[in-house]
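Q: Dock chains B, C and D against chain A, hints included.
Chains as they are written, first to last, in this note's numbering: chain A, 1004 to 1328; chain B, 1004 to 1328; chain C, 1004 to 1328; chain D, 1004 to 1328.
Any given hint could turn out to be false.
[Claimed, not checked] Dumping the calculated PhoX-like pairs for lysine-lysine here, alpha-carbon to alpha-carbon at most 25 Å:
(1) Lys1125(B) <-> Lys1125(D)
(2) Lys1085(A) <-> Lys1172(A)
(3) Lys1073(D) <-> Lys1098(D)
(4) Lys1172(D) <-> Lys1125(B)
(5) Lys1047(C) <-> Lys1093(C)
(6) Lys1172(B) <-> Lys1098(B)
(7) Lys1098(A) <-> Lys1085(A)
(8) Lys1073(B) <-> Lys1085(D)
(9) Lys1172(A) <-> Lys1172(B)
(10) Lys1125(B) <-> Lys1172(B)
(11) Lys1125(D) <-> Lys1073(D)
(12) Lys1093(B) <-> Lys1125(B)
(13) Lys1172(C) <-> Lys1125(D)
(14) Lys1098(B) <-> Lys1073(B)
(15) Lys1047(B) <-> Lys1125(B)
Simulated from the structure, these hints should not be mistaken for laboratory data.
Number of protein chains: 4
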Amino acid sequence: MNNIRTDLALENTEHISESGQELTGVEITTEEDDNLGITVTWVKITDEIGSTAMGKPIGNYITIESATMKESDTEAHEEIIKILARKLGKLHDLKPEAVVLIIGLGNWQVTPDALGPKVCDKILVTRHLGDATPLDLQGRVRAVSALTPGVMGLTGIETAEIVKGVAEKIQPDLIIAIDALAARRTSRINATIQISDAGINPGSGLGNKRVAINQDSMGIPVIGVGVPTVVDAATLVNDTMERMLGEMAEAAPDEEAFYGMLRGLDDAERYGLIKEILDPYEGNMFVTPKDVDAVVGRLANIIASGFNIALHPGITQEDVNRYLN
Amino acid sequence: MNNIRTDLALENTEHISESGQELTGVEITTEEDDNLGITVTWVKITDEIGSTAMGKPIGNYITIESATMKESDTEAHEEIIKILARKLGKLHDLKPEAVVLIIGLGNWQVTPDALGPKVCDKILVTRHLGDATPLDLQGRVRAVSALTPGVMGLTGIETAEIVKGVAEKIQPDLIIAIDALAARRTSRINATIQISDAGINPGSGLGNKRVAINQDSMGIPVIGVGVPTVVDAATLVNDTMERMLGEMAEAAPDEEAFYGMLRGLDDAERYGLIKEILDPYEGNMFVTPKDVDAVVGRLANIIASGFNIALHPGITQEDVNRYLN
Amino acid sequence: MNNIRTDLALENTEHISESGQELTGVEITTEEDDNLGITVTWVKITDEIGSTAMGKPIGNYITIESATMKESDTEAHEEIIKILARKLGKLHDLKPEAVVLIIGLGNWQVTPDALGPKVCDKILVTRHLGDATPLDLQGRVRAVSALTPGVMGLTGIETAEIVKGVAEKIQPDLIIAIDALAARRTSRINATIQISDAGINPGSGLGNKRVAINQDSMGIPVIGVGVPTVVDAATLVNDTMERMLGEMAEAAPDEEAFYGMLRGLDDAERYGLIKEILDPYEGNMFVTPKDVDAVVGRLANIIASGFNIALHPGITQEDVNRYLN
Amino acid sequence: MNNIRTDLALENTEHISESGQELTGVEITTEEDDNLGITVTWVKITDEIGSTAMGKPIGNYITIESATMKESDTEAHEEIIKILARKLGKLHDLKPEAVVLIIGLGNWQVTPDALGPKVCDKILVTRHLGDATPLDLQGRVRAVSALTPGVMGLTGIETAEIVKGVAEKIQPDLIIAIDALAARRTSRINATIQISDAGINPGSGLGNKRVAINQDSMGIPVIGVGVPTVVDAATLVNDTMERMLGEMAEAAPDEEAFYGMLRGLDDAERYGLIKEILDPYEGNMFVTPKDVDAVVGRLANIIASGFNIALHPGITQEDVNRYLN
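Isolated chain A (complex conformation):
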């Protein structure tokens, strides 16, 4: 699994099936809304074999995909918000009196990594209100708190340490952690939301988390929610080359032997060569679209709205706007 970098379970399944391998220990179901252009894929890793093949822990990974996330299609957005809220409910049965801690992972100073903090900005935070809860919200909201722990390079503290320390104090029933992810295909950037009950894993996201934030490490259920805002540069090059060679082979059948040989180069070998060329001293480089600030803002709105609807069940989007604006 080391020759492409992706945080999307869906892309892991694609990569495996492209390589001709059989995928056991993984169940995949798909729902399509052709009218609104939304696809929901549920990937469920059921055992260690599937986990090893996928490079991801056992658990559920639900992907909501729609190019409309990059456009101004209000109807589609509202449907996506409802789907997000419904799937959240499927992954975790939230009692009315549940206390929820939302964590916005990422470095707000790096635009493609600012998704988590931007989502937290738009969450209707209520845990502190207690008796001061406005009359028209009483009985219609849950106790929700939101924290943006920054990144280790700026705080000197592992994000997981901060989350665990705070969680031990406020004892939430559920942690929801939002993170910016890396995808394999550029077409998935800012057009995909993945939610998973496997939490946040080491090596994921832009910051390459070192310590997991999941039920094991926190002692509390953790739902990870992510949007790919970048593609890892070496993955982009490797992937594009693969597809190019495929297209050139189709267009020039005489040379197919040659291209076949080129393509047959060990994937890992070619990826390694690419990473070397891309300057081994550079550290990770990422590919992101030019209008990244606008799209990250739009996705943050969609995700925060989904959470607000899901967590505060007695209120609508209008109610939320009232208290946030």
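A: Quick look at chains B, C and D alone, frame taken from chain A:
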């Protein structure tokens, strides 16, 4: 003590002596550098009587005052930075292997309350470096981390809960909490630094903290460092009136009886009347200078430099600039 | 007029009538919506006498007041947005093909002065779209541009120079300039919107503009829109003292002679004494509420929505949200 | 020239010589400081032939390269700052009484495009001081102003229109425009500064400027200063493939014929195929390093320091820090 609002122990002593009271249980020593225009006052509250009179816990409160903090006097700033570092050392004996957690209290979205977060931005954070510590820093820095926990209105979590949760995880030997304060006199705004081993107390700062962050609540020594960036509006009015009446009395000796009567009005009574007039539904209002962004930035530089020098004893200001810029 | 500082024409009229003067050359009409708690006052300065008495140029000054601006009353906000759009239309007859330049005055780094820049952030900017205008907006929007010129202390350039230079290039039919203002009464802060066809005048706002931005200086109609986010400190003290003395006089009729004498002190004399006490070297100081970031954000939403509805007549609030979020 | 995207004249010369073409109408001189690891290359395009081959206007393009820009090498930084100041002087002979307008191009909300605005933040702006110039600066500074015009997508106004409008008002003798650029090689990112008297050209930078900001369009000399903070994604893939095939050919001489054929594919053809694969609907995508916020901040410091030294000849770096911090 309820008729003026100030976080500066120094101003409490002034107010008490103005009222003619005797101050017991409080020791005050002063050092003046007339050349550079810097005054350092050490207020030490030694018993409960002093604590009750002052409205502050037993402990040490060191105030560094200099109008040069509002100007571009590099020589004076460098001296202030050194004084800050020295006094920090006087309040707490820091072992070489000590781990320090710096907390930047305050809401970065409200300019006069953004001091804490701005200081954290300029701290040389090292705790996470471990073996990756650059060669030329090794053996010359302590393990320092920095966190900005936001404010309860935005997170839904008491700042003290966040600090305690994180402290329990990373076990620092010392917590230094930076906060923006309220002063009584406008001349003290952005021209004063107070450091205290009594930590951060309920009712202090712009946010009016509800839970203390001190040795009792954290189980770890806490040094509070603050700069008054605002004056509480009702305090300003009450105070100014007091002084006006005094000046008018001096200028018109015939009316002295009258002014004397006016001034003799119970301080608390007058203050209460002022707060009513200032609109009881308004909540707290603060007075701040127009160029608050520039001055808060300058103070943040001075304080962060003081910490960097004090906590990383083997390096100079130039070294710090190298790693921060 | 120099003993109180206010940018609100409405407050000038109040001050004059309190002093017992007769107000000529000024017409005042008021509309009240008791149901929603909104008051609209139209102050029209018709000649030089009125202009001199008011300390403001000849022109129209419409004030929309409502405490609901500080609350989460969506119904009232929607009505305020509609009123704002309607009054804008009353002050300037906008042709369908008109090009509009919106200027967000103020220093975004100083929270109470950040209103202008925050409004510009939420304007549906269309001037550059041309043929690229999305199909569903075509024919329903005007050509609108938005600029935040910063402040002279940061750019070295008079704001009016920047505005004029840009206006000469893009030739708008109308300039709308948004600014944060100073009020006399704290109750008006963040609860009042003033729109005027007299533009922006020297000495106004937090930054105390030195050069006017109005039809005379720009050669193009300029509508000034402002919200008071602060009260000038000396004005606050002077005003509060005045009211206090009044209340004390009422409560103690025997001393009325005394209080009467104190109150009879020349207003300017007393104000001058206050400014001296408040530290003449300090420059202007302002009073602002603690939650200034949230309220400025809310007001920015209301004002931007009003402009978007007024300037893009074929679209609704939902349409705007679609393109901004 | 359309099969690689780079704003660096230096990289244009490399590409041309790699393709075996002869380069006429272009003069290149190089200075190396091996001790500090700094290379300065002066590319001078002298005629139309050179201009066409290079895809850049006639003029001078000085490149300062050093990997130390990405590190904490104060000695090297100080030398780079001095080189920058000297070369600025070589490109334009600045009279003592000259008025300079600095323009920070770019969208501050997109981290790799925020270089211009960040540099402007650190410029010692003096034009507005006039008689208020502090005594110790008098006679030692020039009149410098700084403006960040935003981007057309946010203002609705062509950046060049804003710059020209302001320049016509304040009549500077020189405009210096700072921009974030795209490079061909990742190793050049954040390690290169290009200054040119050909100004800013259409198609350059991250925003792909549509209108030139140069002496022709402004009527005033324009010096463009840029740092590559990104690599265009399609260029990265194409370039990496080229180099990979080269290395594979070297490693397997038997297949050289094959690789030679693959490499001989028309550069433009291959690049076109890559852009198609990279999703033609995506718009431009850029590659940037993960720590982009820190590096852009560091480069902004270096560039602003260079300008401050060059434009205010009577002051040192210490003096600048005094007034900026």
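Q: I'd like to know which numbered hints this structure contradicts. Please list them from smallest to largest.
A: Violated: hints 2, 3, 4, 8, 13, 14, 15.
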